[in-house]
Amino acid sequence: MGFYDKFLSASRKNQSLVCVGLDTDPQKIPAHLNGQSNTMTAFNKEIIRTTKAYAAAYKLNYAFYLAEGKMGMQALEETLDILRDGDVPVILDVKVGDIPNTMKQYGKTFFGNYHVDSITVNPLMGKDTIETILDIPDSFCFVLAVTSNSGATDFLKAQSLHERIAGWLGESDATRLGAVVGATNTDELARMRELMPENLFLVPGIGAQGGDLNAVVRLASMSADDPRFMVNSSRGIIYKSGGEDFAEAAGNAANELRTKIQDSLKKL
1 MGFYDKFLSA
11 SRKNQSLVCV
21 GLDTDPQKIP
31 AHLNGQSNTM
41 TAFNKEIIRT
51 TKAYAAAYKL
61 NYAFYLAEGK
71 MGMQALEETL
81 DILRDGDVPV
91 ILDVKVGDIP
101 NTMKQYGKTF
111 FGNYHVDSIT
121 VNPLMGKDTI
131 ETILDIPDSF
141 CFVLAVTSNS
151 GATDFLKAQS
161 LHERIAGWLG
171 ESDATRLGAV
181 VGATNTDELA
191 RMRELMPENL
201 FLVPGIGAQG
211 GDLNAVVRLA
221 SMSADDPRFM
231 VNSSRGIIYK
241 SGGEDFAEAA
251 GNAANELRTK
261 IQDSLKKL
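1 is the number of the first residue of the sequence shown in our numbering; add one for each residue after it.
Please note: incorrect hints may appear among the correct ones.
As a list, the in silico SDA-like pairs of lysine to any residue whose alpha-carbon atoms are at most 20 Å apart [claimed, not checked]:
(1) LYS13 to THR50
(2) LYS127 to THR147
(3) LYS127 to ASP87
(4) LYS45 to ARG84
(5) LYS70 to ILE29
(6) LYS95 to GLY107
(7) LYS70 to PRO26
(8) LYS266 to ARG218
Treat the hints as calculated values from the structure; they're not laboratory data.
Use the sequences and the hints to build the structure in full.
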């Protein structure tokens, strides 16, 4: 089963549009886990335990694991093993984008070796960077359209690249390609949905980055019954508490975000 079908299944089962971001930073892991053989794995395992009933997807930011060398890469593989035993799909946030020959190797790494359900892709080198990944059966890409950082105005928006990217995605197979659309760009959300009426949106920027959740639900939804988006939250969930109750606090935060999204959808 590919990412799209797994997402629909998990979203319906858990009544959720929450993507839990596992941006695990060893400096923020509660001290009582220090005796574990791999503190990143131990932290992630507990977060997954308390959030899996409220999640539509999980997203692991590759940089946080790569930065920790052997410990980080071990934690990445062990965390993926834990998630593979569940029914919630996994996104590996890598933002790669290169010539086809190189993208084949990325595809082999992420889909063949790590067995993730989806990756994020930077499309600035052209359509063939994405098409190469789509040659892999059941692969799914979230393509950067409008990012949540302030620098999105430097190139993506200033040169209207986001609209060209969105226009192409809107004509693509929505079961294979989604879009990253930042919550901090609420002025662009309605236009992105107009250009991409059926594509699934991955929306970062709620919480620590100050995105307006109600605006996201109102502007990014295709309809109340078929919204076609999910909201990613990392720091707002996994670091809700720095104490021994961190896992329970994360579960409560994921459930709270799930409920807020559902309540906002009812107002459409």
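query: Holds or violated: LYS70 with PRO26, Cα cutoff 20 Å?
result: Cα-Cα ~13 Å, so holds.
- prompt: Given the proposed pairing of LYS127 with ASP87, does the C-alpha separation stay at or below 20 Å?
  reply: This hinted pair is violated, its Cα atoms lying about 31 Å apart.
message: Run the distance test for LYS13 versus THR50: straight-line Cα separation, threshold 20 Å.
response: 16 Å, holds
- request: Take the C-alpha atoms of LYS127 and THR147, compute the straight-line distance between them, and say whether it is at most 20 Å.
  value: 18 Å, holds
task: Please work out if LYS70 and ILE29 have their alpha carbons no farther apart than 20 Å.
output: With Cα atoms ~17 Å apart, LYS70 and ILE29 stay inside 20 Å; holds.
query: For the pair supplied as a hint, LYS266 and ARG218, is the alpha-carbon distance within the 20 Å limit?
result: The hint holds at about 10 Å.
query: Between LYS45 and ARG84, is the straight-line Cα distance small enough, at 20 Å or below?
result: Distance of about 12 Å is within 20 Å: holds.
task: Please work out if LYS95 and GLY107 have their alpha carbons no farther apart than 20 Å.
output: With Cα atoms ~12 Å apart, LYS95 and GLY107 stay inside 20 Å; holds.
Hint compliance for this structure: hint 3 alone is broken.
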